[in-house]
Amino acid sequence: MIEVIQTYWVYFLIGQFPDGPLGGLTLTIVIAAGGLLLAFPLGFALAIARMSPWPILSWPITGMVYVVRGTPLLMVLFWAYFFLPSITGQKISQFSTMLGALVLFNAAYLSEIFRAGIQALSTGQFEAARSLGLSYFAALRLVVMPQVMRNMLPSLVNQFVSTIKDTSLGYIIGLSEVSFIASQINNLVLTKPTEIYFALALAYFTLCFGLSRIAFWLERRLAQDESRSKMHRPSKPTLLEQP
Amino acid sequence: MRYARFMTSFILLATLLSPLAKADQLADIKKKGEIVVGVLGTDEPNSFIDPATRKIVGYDVDLSEAIAKKLGVKLTLKQLSVAARIPELEQGRIDLLAASLTHNKEREAKIDFSLTTLVTGQRVMVRKDSGITAVSQLAGKKVLTVKGGTQEPNIRKAVPTADVVTFETSLQAFIGLQQGKGLGYVNDEVSLFNNYGKLGDAQKDYVILPQNLSIEPLALGIRKGELGLKKLVDDALRELEKSGEAEKLFFKWYGPNSKVKFDKRTFRIDSDKVDG
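Taken in sequence, the protein lines are chains U and P. Under the numbering used here, the first residue of the first sequence is numbered 150, with each subsequent residue one higher. Under the numbering used here, the first residue of the second sequence is numbered 295, with each subsequent residue one higher.
Only chain U is shown next, with the shape it has when bound in the complex (with noise of 0.2 Å):
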């Protein structure tokens, strides 16, 4: 085993780069984070298009969402990349229809996130902040977000974690992600398929588990400051005694 590490731990790692395209578990890395810093405003504006009081927006959105949380990623990536061009006549690189897809699918499960985390804080707090005479958009910044942003948190983790597992379906447009870059390993060494899957769970299993700790330390912090601002100003109530 040490044998097979040492011969193909930089593929596993990088793919063919330099001299051919990036893959493995950087190029796994580099379409989750894509995928979900596209994802983020795209979700939000979609959250915020689905509960506007204009029908002519919020209808087509919640239609989108509706169809894109009904379909498999699987299928739209396999569709993306076959399909389409045969229509469009536009020809759309692996790494773009993956990405694309996983902006998509993230977009569209964000932003019933970002509606939950938005509807479970009281109308009140925006009523509020408008009444102080803020703007529609400023009152969401200022206001709604800082706190659906913290009471949101855990599910955003939960929907981060799953896109780096789902990067994985890349491989059946043969990206050259990590899943496919082992899969080519386990086909050149034929004989340690236990071992070789063994490290590509491994690998996943730091990458979700590393971010799970990240998220885990910044609730803490975030609690704290809650607490802190608390404690200075005992005699104001802070927007975040709602229920």
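Each hint should be verified, as a subset may be incorrect.
Unchecked claim - What follows is a set of in silico ranges between Cβ atoms, one per label pair, in the way DEER data are often shown:
no.: 1; chain 1: U; residue 1: 207; chain 2: P; residue 2: 346; range: 50 to 60 Å
no.: 2; chain 1: U; residue 1: 171; chain 2: P; residue 2: 541; range: 33 to 43 Å
no.: 3; chain 1: P; residue 1: 347; chain 2: U; residue 2: 183; range: 25 to 35 Å
no.: 4; chain 1: U; residue 1: 183; chain 2: P; residue 2: 401; range: 34 to 44 Å
no.: 5; chain 1: P; residue 1: 535; chain 2: U; residue 2: 346; range: 38 to 48 Å
no.: 6; chain 1: P; residue 1: 561; chain 2: U; residue 2: 183; range: 40 to 50 Å
no.: 7; chain 1: U; residue 1: 346; chain 2: P; residue 2: 546; range: 28 to 38 Å
no.: 8; chain 1: P; residue 1: 545; chain 2: U; residue 2: 218; range: 50 to 60 Å
no.: 9; chain 1: U; residue 1: 183; chain 2: P; residue 2: 560; range: 46 to 56 Å
no.: 10; chain 1: P; residue 1: 561; chain 2: U; residue 2: 218; range: 49 to 59 Å
What the hints assert, rightly or not - Distance condition first, Cα-Cα at most 25 Å in a straight line; then the derived SDA-like pairs of lysine to any residue:
no.: 11; chain 1: P; residue 1: 349; chain 2: U; residue 2: 320
no.: 12; chain 1: P; residue 1: 349; chain 2: U; residue 2: 167
no.: 13; chain 1: P; residue 1: 475; chain 2: U; residue 2: 343
no.: 14; chain 1: P; residue 1: 326; chain 2: U; residue 2: 233
no.: 15; chain 1: P; residue 1: 422; chain 2: U; residue 2: 342
no.: 16; chain 1: U; residue 1: 341; chain 2: P; residue 2: 422
no.: 17; chain 1: P; residue 1: 349; chain 2: U; residue 2: 159
no.: 18; chain 1: P; residue 1: 326; chain 2: U; residue 2: 234
no.: 19; chain 1: P; residue 1: 325; chain 2: U; residue 2: 243
no.: 20; chain 1: P; residue 1: 349; chain 2: U; residue 2: 169
no.: 21; chain 1: U; residue 1: 341; chain 2: P; residue 2: 472
no.: 22; chain 1: P; residue 1: 492; chain 2: U; residue 2: 159
no.: 23; chain 1: U; residue 1: 240; chain 2: P; residue 2: 328
no.: 24; chain 1: P; residue 1: 422; chain 2: U; residue 2: 339
no.: 25; chain 1: U; residue 1: 341; chain 2: P; residue 2: 501
no.: 26; chain 1: P; residue 1: 518; chain 2: U; residue 2: 238
To be verified - Here are some of the chain P residues that sit facing chain U, going by a computed Cβ distance under 8 Å:
no.: 27; residue: 345
no.: 28; residue: 348
no.: 29; residue: 374
no.: 30; residue: 378
no.: 31; residue: 492
no.: 32; residue: 494
Since the hints were made in silico from the structure, they are not lab data. In this text, a Cβ means the ideal position worked out from N, Cα and C, and glycines have one as well.
Model the placement of chain P on the given structure of chain U, informed by the hints.
Relative to chain U, chain P alone:
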């Protein structure tokens, strides 16, 4: 992989809808200064990753390089899954397929083929302790192979009463043989010898039966109707044959010093006709 069949039909649908090639592909390649060749990268020694350099190497790659040189353009390899090979070619994501592709009549309806670049038989590997020494003795026994290739119909034809069990990849079938899930494992000769070479100390427990189930001509795939490109590819291959380079390449990847260990070359690169 319950999705497999669904996806196959999906690819088919996409293929039906794909617009016919508009421009002359050869001119496009020359304009781009680059030829994109689809390879498997998972099929030693045809195309596989060299762990030391992390580049795709192999017989298919060397042939592609010769063709790119003849065209005077840069070679770019694109790794493909087995299921995506023909759709990627039809949709024009790649210019040429060099992906351990069997040339048969059925596929001629979809794509064109170059001259045959390799002829391999299909054979059966068994465990020595099964006592099987001839293909006919597999009658009524469990035989393992890969799904979707030409292996399954060929073993059914050779031994109609055999109980054929198929797997998603040939590797799974090979592991099945090692675990005793069946008595025989069917694959292309080249892959069988390569698998055998990797068994190490366990080689003494296995044997590859001498009979060929069928003869498989492998060739490069070209998009249908691209006659200009086909002519150029065929010319490049003919030149390789004439200069003796093709023979050198064969022995480099399949010769006595490789895992496959062929000691003679039984074919020449000179025809694009197949029987089956």
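Evaluation of the provided hints:
1. U:207 - P:346: 50 to 60 Å: holds, 58 Å
2. U:171 - P:541: 33 to 43 Å: holds, 37 Å
3. P:347 - U:183: 25 to 35 Å: Between residue 347 (chain P) and residue 183 (chain U), where Cβ atoms are some 28 Å apart, the hint holds.
4. U:183 - P:401: 34 to 44 Å: The hint (34 to 44 Å, Cβ to Cβ) holds, given that residue 183 (chain U) and residue 401 (chain P) are roughly 38 Å apart.
5. P:535 - U:346: 38 to 48 Å: holds, 43 Å
6. P:561 - U:183: 40 to 50 Å: holds, 48 Å
7. U:346 - P:546: 28 to 38 Å: Between residue 346 (chain U) and residue 546 (chain P), where Cβ atoms are some 32 Å apart, the hint holds.
8. P:545 - U:218: 50 to 60 Å: Distance hint for residue 545 (chain P), residue 218 (chain U) holds at roughly 57 Å.
9. U:183 - P:560: 46 to 56 Å: Given about 51 Å between the Cβ atoms, the range holds.
10. P:561 - U:218: 49 to 59 Å: holds, 55 Å
11. P:349 - U:320: Between residue 349 (chain P) and residue 320 (chain U) the Cα gap is close to 19 Å, so the pair holds against 25 Å.
12. P:349 - U:167: holds, 10 Å
13. P:475 - U:343: holds, 18 Å
14. P:326 - U:233: Between residue 326 (chain P) and residue 233 (chain U) the Cα gap is close to 24 Å, so the pair holds against 25 Å.
15. P:422 - U:342: The hint holds at about 23 Å.
16. U:341 - P:422: Given pair residue 341 (chain U), residue 422 (chain P) holds - Cα atoms ~22 Å apart, limit 25 Å.
17. P:349 - U:159: holds, 12 Å
18. P:326 - U:234: Holds: residue 326 (chain P) and residue 234 (chain U) sit about 20 Å apart, inside 25 Å.
19. P:325 - U:243: Holds, because 24 Å separates the two Cα atoms, which is no more than 25 Å.
20. P:349 - U:169: Roughly 7 Å between the alpha carbons, so the hint for residue 349 (chain P) and residue 169 (chain U) holds.
21. U:341 - P:472: Cα-Cα ~13 Å, so holds.
22. P:492 - U:159: Given pair residue 492 (chain P), residue 159 (chain U) holds - Cα atoms ~22 Å apart, limit 25 Å.
23. U:240 - P:328: holds, 17 Å
24. P:422 - U:339: holds, 20 Å
25. U:341 - P:501: At roughly 21 Å apart (the allowed maximum being 25 Å), residue 501 (chain P) and residue 341 (chain U) satisfy the hint.
26. P:518 - U:238: Within the cut-off at roughly 18 Å; holds.
27. 345: For residue 345 (chain P), the interface hint holds, since the closest Cβ of chain U sits about 5 Å away, which is under 8 Å.
28. 348: holds, 5 Å
29. 374: This hint holds: residue 374 (chain P) lies near chain U, its Cβ roughly 5 Å from the closest one there, short of 8 Å.
30. 378: holds, 6 Å
31. 492: At 4 Å from the nearest chain U Cβ, residue 492 (chain P) passes the 8 Å test, so the hint holds.
32. 494: Hint on residue 494 (chain P): holds, closest Cβ of chain U at ~7 Å, below 8 Å.
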